[in-house]
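Put together the whole structure using the sequences plus the hints.
Order-wise, the sequence lines are chains F and R. Each step along the first sequence adds one to the number in my numbering, with nothing skipped, and position 72 is 168. Each step along the second sequence adds one to the number in my numbering, with nothing skipped, and position 103 is 245.
Don't read these hints as lab results, they were simulated from the structure. A virtual CB, placed ideally from N, CA and C, is assigned to each residue, including glycine. There may be inaccurate statements among the hints.
Here are the simulated DSSO-like pairs of lysine-lysine, each with C-alpha atoms no more than 27 Å apart in a straight line [claimed, not checked]:
#1 F:K229 to R:K264
#2 F:K179 to F:K372
#3 F:K206 to R:K264
#4 F:K356 to F:K229
#5 R:K165 to F:K278
#6 F:K315 to F:K278
#7 F:K183 to F:K372
#8 F:K229 to F:K372
#9 F:K183 to F:K229
Beyond 12 Å from chain R on every Cβ pair, some chain F residues (computed) [as the list claims (entries may be wrong)]:
#10 W104
#11 A154
#12 Q157
#13 H265
#14 S327
#15 D330
#16 E331
#17 Q334
#18 P346
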Amino acid sequence: MSQDALIWCLVAIAVIAIAAVVALTLRNSALGAKKREAEAALAQRLRYTEGELGRMQAELQRVRDEQDGVIGEAEQAAEESTKAVLKGAARFLQSLAAEQTALLDEVQRKYGGHSVLSDLMDVNHANAQMARKAQGIAVMCGAPLGRRNQPASVYDVVRSAQSQIRNFHRVEIMQPSGIALKASAVAPVALAVAELLDNAASFSQAEAPIEVTFQRVQKNLCIIIDDAGVSMSDEDRQAATALLSGDEVPRLSQLGTQPKFGFPVVGLIARQYGFKVDVTGVSRYGGVRAVVLLPEELWTMEETPPPASEVPVSSIRRVEGREQAGARTMHGLPKRGARKSPIASVPSDGSASGGQAAGPRRAGGGLGAFQRGTLTGRDLDAPTPEGSEGA
Amino acid sequence: MHDEPDSELELTTALVPLFVIAKGRALPADHEYEHTTLVTAQEGTEAASRTLTPEARAVMDLIADGFLSVAEISGYTRLPLGIVRILLAQMAEDGLLYVRNPAPRAERVDRELLTAVLDGLKTRFGA
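Structure (structure tokens):
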């Protein structure tokens with residue numbers, strides 16, 4: 097009896113348990129379905145929102161790009177108009193400086209024997225520096241450089257560059273033999289070297305030398321500028337290299353209130369005229385070594401003809417028989433004949449007259465005798481026949 | 143921008159200005175290297191003159207074989223007198239030159255001496 101009751105009890109419990117399990121399972125699945133539903137809804141919402149966000153971002157980017165574009169355009173326009181204005185001014189200055197140089201040249205020749213020459217040379221020096229600045233600004237604004245139509249020795253081109261910096265006496269130039277720059281390269285190379293020399297002078301001690309040497313490397317001619325300043329940091333080197341390659345042209349507005357347009361100018365003209373400039377080397381003094389590398393199209397190994405102004409002056413006092421071959425210096429100037437025999441004021445024994453007057457100087461003999469006379473008169477030590485007597 | 147038909151400025155002035163030729167040196171004193179001062183090259187200076195500037199070398203070439211006056215050098219080289227004087231002063235400092243100054247002015251010589259000289263000349267050549 098009690099056993100039956102127990103069994104029934106157990107059955108009842110089992111039934112209740114099963115019912116509970118079933119009920120719980122059902123509830124669970126219902127909850128799961130609801131959850132999935134909610135999740136799906138949320139995911140969809142999320143996707144939508146994400147999509148919306150992306151669109152918004154794209155829109156924002158577009159607006160930004162547009163704005164950048166407009167700003168860029170405005171900057172470009174401002175740059176262009178600034179350049180146009182400056183270009184006009186720079187060209188005006190350029191031609192004024194050139195005119196002034198021509199005037200000063202003339203005045204210096206006119207008063208060449210006067211003590212005012214020193215001051216005129218100082219004025220000319222100041223003018224040369226101004227001309228360089230004007231050229232630099234003109235180049236930055238895209239104006240052409242002044243042009244020279246005569247080839248010149250590379251030594252003279254570097255001396256021309258030297259004349260355009262303040263402390264020009266610090267520059268020491270080695271003399272190469274017979275290397276000439278073609279006419280088209282004269283002005284741009286002079287300006288580029290001038291800017292590099294100025295840079296070398298500004299970044300080294302006040303009296304330290306700046307040395308310019310030349311080297312031929314394969315088909316290139318290198319102008320090497322060594323200063324005794326401090327070497328550049330890696331950052332500076334990279335910035336300089338970028339500027340000197342001409343790839344990076346800073347805007348005028350980025351040059352600052354004390355504009356440093358040396359390297360940008362050098363980069364621009366180097367690119368325009370087809371040469372290369374490098375400042376990453378270390379000089380023999382531990383400073384910066386700047387190298388201007390000129391390809392063979394820009395130079396030749398020819399001797400430069402003397403400038404046209406150096407016409408031989410022999411016509412002024414041409415004496416027959418003087419114009420023999422070889423009576424010219426290497427620069428095409430007439431040369432005086434050698435005075436081989438000793439100077440004698442009086443042809444007393446006839447020995448001097450034989451050898452001397454028969455030579456090519458015969459025609460100028462009258463003049464020569466006069467000159468000999470003056471010379472002897474001035475030479476207090478020269479033995480003269482009358483020396484011992486009289487006075 | 144470079145393709146604009148900008149007319150290029152043509153530079154016709156001397157490439158190397160005079161102050162560079164003079165190396166920034168001051169003019170020598172007035173009484174040094176006057177027009178009529180005579181100069182000639184010292185012997186054995188060929189090696190040294192190779193390192194000179196082209197202008198100084200032109201002067202050396204002119205005076206290598208004999209005395210030449212400062213004024214004449216200026217004429218031949220087409221350099222202003224002052225520049226020639228500066229170059230000569232530098233070359234004299236480097237020991238490349240003999241310099242013979244012109245005779246001092248005549249007023250320093252007394253008349254008696256001149257008369258004596260004249261008399262001497264007359265006796266010698268019979269005027």
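Consistency of the hints with the structure:
Of the pairs offered as hints, the one joining K229 (chain F) and K264 (chain R) is violated, with about 71 Å between alpha carbons and a cut-off of 27 Å exceeded. Between K179 (chain F) and K372 (chain F) the CA atoms are separated by roughly 25 Å; this keeps the pair inside 27 Å, and the hint holds. Taking the CA atoms of K206 (chain F) and K264 (chain R), the gap is about 45 Å. The hint is violated against a cut of 27 Å. Of the supplied pair hints, the one linking K356 (chain F) and K229 (chain F) holds, its CA atoms being roughly 11 Å apart against a limit of 27 Å.
Among the hinted pairs, K165 (chain R) with K278 (chain F) is consistent with the structure: their alpha-carbon atoms are about 26 Å apart, no more than 27 Å. Between K315 (chain F) and K278 (chain F) the alpha-carbon distance is near 15 Å, which keeps this suggested pair within the 27 Å criterion. Simply put, K183 (chain F) and K372 (chain F) have alpha-carbon atoms about 25 Å apart, close enough for the 27 Å limit, and the pair holds. Using a Cα cut-off of 27 Å, the hinted pair K229 (chain F) and K372 (chain F) holds, with the two alpha carbons roughly 21 Å apart.
Distance restraint check for K183 (chain F) and K229 (chain F): the Cα-Cα separation of roughly 12 Å lies within the 27 Å cut-off, and the hinted pair is therefore satisfied. At roughly 109 Å from the closest C-beta of chain R, the C-beta of W104 (chain F) stays outside 12 Å, upholding its exclusion from the interface. With a least beta-carbon separation of about 36 Å from chain R, A154 (chain F) lies farther than 12 Å from that chain, consistent with its non-interface assignment. Once the 12 Å rule is applied to beta carbons, Q157 (chain F) is consistent with being away from chain R; the minimum gap is 32 Å.
H265 (chain F), annotated as away from the interface, has a beta carbon of chain R within 12 Å; the closest lies near 5 Å. The non-interface label for S327 (chain F) is consistent with chain R: the shortest C-beta to C-beta separation is roughly 28 Å, beyond 12 Å. Annotated as non-interface, D330 (chain F) keeps its C-beta farther than 12 Å from every C-beta of chain R; the closest such distance is 32 Å. Annotated as non-interface, E331 (chain F) keeps its C-beta farther than 12 Å from every C-beta of chain R; the closest such distance is 30 Å.
For Q334 (chain F), the shortest C-beta to C-beta distance to chain R comes to about 26 Å, beyond the 12 Å cut-off, and the non-interface label holds. The non-interface label for P346 (chain F) is consistent with chain R: the shortest C-beta to C-beta separation is roughly 15 Å, beyond 12 Å.
When the structure is compared with the earlier hints, violations turn up for hints 1, 3 and 13 and for no others.
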